[in-house]
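Go by the hints and put chain Y onto chain F.
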Amino acid sequence: MRRIYLDHAATTSLDKRVFDKMSPYFLDVYGNANSQHGFGRDAQKAVDEARDLIAKLIGAKPNEIYFTSGGTESDNWALRGTVKALKEKGNHIIMSSIEHAAMLSTAKELEKDGVEVSLIGVDEQGFIKLDELKKAIRPNTILISCMYANNEIGTIEPIEEIVKIAKEHGILVHTDAVQAMGALDIDVSKLGVDMLSFSAHKFNGPKGVGALYIKNGIPMARLISGGHQERTRRGGTTNVPGVVGFAEALRLTKESMQKDNEYVASLRDRFIERVEKEIPFVKLNGARDMQKRLPSNADFSFEYIEGESILFSLDMDGIAVSSGSACSSGSLEPSHVLLAIGLSEEKAHGTIRFSFGKENTVEEVDYVVDTLKSTIVRLREMSPLFNLKGEIKDV
Amino acid sequence: MYNEKVMEAFRNPKNVGEIENYDGLGKVGNASCGDIMQITLKIENDVIVDAKFKTFGCAAAIATSSTATDMIIGLTIDEALKITNKKVVETLEGLPPQKIHCSVLAEEAIKAAIEDYQNKKAGIAKEQEEIPMV
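These protein sequences, in sequence, are chains F and Y.
Using this note's numbering, the letters of the first sequence correspond one by one to residues 2 to 396.
Using this note's numbering, the letters of the second sequence correspond one by one to residues 10 to 143.
The following block holds chain F by itself, in its conformation from the complex (with noise of 0.2 Å):
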């Protein structure tokens, strides 16, 4: 059977030049980067490299670069190293209500010990409300915290303006660019930023790898206690594989990536146009300008049927798709970003998130849409919100 991959907002395939670049630091570089002598050394020369790649791409200086496990973990350290090495200066956060359950876990957790969030709500589209954000600051906020793309439905938000607002105010500004990173040309130093998370698998490097940017001179505190690896502020031993990997898979995204974006746009818009022009009652999710969306995002609610009955329709034909959030497939709670987004919980029931990547092929997606389109109809004919001649019950 073929199968065609459509959600590369989950995971992204390794780039077999990132897997040549990372191969010889599990098989013949295998010293611990800290260790003094020479295998050491040459680890340690390994990891140097990838972190000055790396600070260059996104306008960093190299000693701004804390390699971490991934998106999760940055997160996380964002938010509890900020909320401990600003204890005194106060305990209360700002965050946009479409965040990562990475960032939403743990404000969660911390509200347990006395932290105060507020969390912002988004307009239809998903963008943040800034006028809702300004009105939340207070004397005692020390973070302010948006995601610089949405996971499920795409939208970029206006992190500079967030920037503008919190610097006004003093206050720190962490962005949460997991899905942005490799998809857009983020500068660190032009955005403004004091703190930004991305992860390496997110485009073609390895899984299990990541950073957390955080600017020089913001106060700190460690996440992961342990030995001196990232100038003590991260304790574990260095995942030399991975960072190498992830210097390269970044290098490589970013040199072609406005020449990737503008294919896997086109596939997209393709895959858009032909959805709402082919099946009826259906809603596109995130933004309508395409140029605040995500070239690799297309999100559909399709009423009167459920998400996961679609996806494992799909997923025996071959495709892959997502319900909602990878992450919230499991759990019978409608994804919370689209209720965010005023979606009634029956429609968010009914959503999949479509994301493309520069492996997929325009006959990829019409195969998509052709059998997107039965399945619709197969599943509709089943639902008892929805009569066979097509027509809508009880509403």
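In case anyone wonders, no lab produced these hints; they're calculated from the structure.
Using C-beta positions, here's what the derived DEER-type ranges look like:
{"no.": "1", "chain 1": "F", "residue 1": "N64", "chain 2": "Y", "residue 2": "N12", "range": "48 to 56 Å"}
{"no.": "2", "chain 1": "Y", "residue 1": "G26", "chain 2": "F", "residue 2": "E277", "range": "25 to 33 Å"}
{"no.": "3", "chain 1": "F", "residue 1": "E274", "chain 2": "Y", "residue 2": "G26", "range": "29 to 37 Å"}
{"no.": "4", "chain 1": "Y", "residue 1": "E13", "chain 2": "F", "residue 2": "K374", "range": "24 to 32 Å"}
{"no.": "5", "chain 1": "F", "residue 1": "D188", "chain 2": "Y", "residue 2": "G26", "range": "53 to 61 Å"}
{"no.": "6", "chain 1": "Y", "residue 1": "E27", "chain 2": "F", "residue 2": "D21", "range": "54 to 62 Å"}
{"no.": "7", "chain 1": "Y", "residue 1": "N128", "chain 2": "F", "residue 2": "A102", "range": "45 to 53 Å"}
{"no.": "8", "chain 1": "Y", "residue 1": "Q107", "chain 2": "F", "residue 2": "E110", "range": "20 to 28 Å"}
{"no.": "9", "chain 1": "Y", "residue 1": "N39", "chain 2": "F", "residue 2": "G218", "range": "47 to 55 Å"}
{"no.": "10", "chain 1": "F", "residue 1": "G39", "chain 2": "Y", "residue 2": "E13", "range": "51 to 59 Å"}
{"no.": "11", "chain 1": "Y", "residue 1": "Q107", "chain 2": "F", "residue 2": "H229", "range": "39 to 47 Å"}
Covered stretches of chain F (in silico footprint by chain Y; criterion: 3 or more residues with CB under 8 Å from a CB of chain Y, positions within the stretch not fixed):
{"no.": "12", "stretch": "345–354"}
{"no.": "13", "stretch": "373–386"}
A short list of chain F residues far from chain Y (calculated; beta carbon distances all over 12 Å):
{"no.": "14", "residue": "L15"}
{"no.": "15", "residue": "D49"}
{"no.": "16", "residue": "L131"}
{"no.": "17", "residue": "I138"}
{"no.": "18", "residue": "R139"}
{"no.": "19", "residue": "I225"}
{"no.": "20", "residue": "S257"}
{"no.": "21", "residue": "S267"}
By construction, the Cβ of each residue, glycine as well, lies at the ideal position given by its N, Cα and C atoms.
For chain Y alone, kept in the frame of chain F given last:
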């Protein structure tokens, strides 16, 4: 997460649809929870001669609807009332823990449909409970 038997029941569900001039109708669940199950029954001499379902829900909800309707066709209503969600799960050789509620819904839909039939037979015109719609 689903076993082959569940996937097969989802892939090729039996008894999809709605019986015209049904003798009993059971509709349970709530769209906001992500599941609505509707079962219609054709009953002759207290024997279920046909059962059909329509379900808004996940793969497990569709699989349990198919299996549960299949299990009750040919049974007397007393026998059908003894079909528990556990038996539906056993027939499907297991469901993930977070999907057990789908089998409960199937049991409830059968019971509601039989109750509807019994009420009608007893001349009690009981309105079906309205379920919030999309």
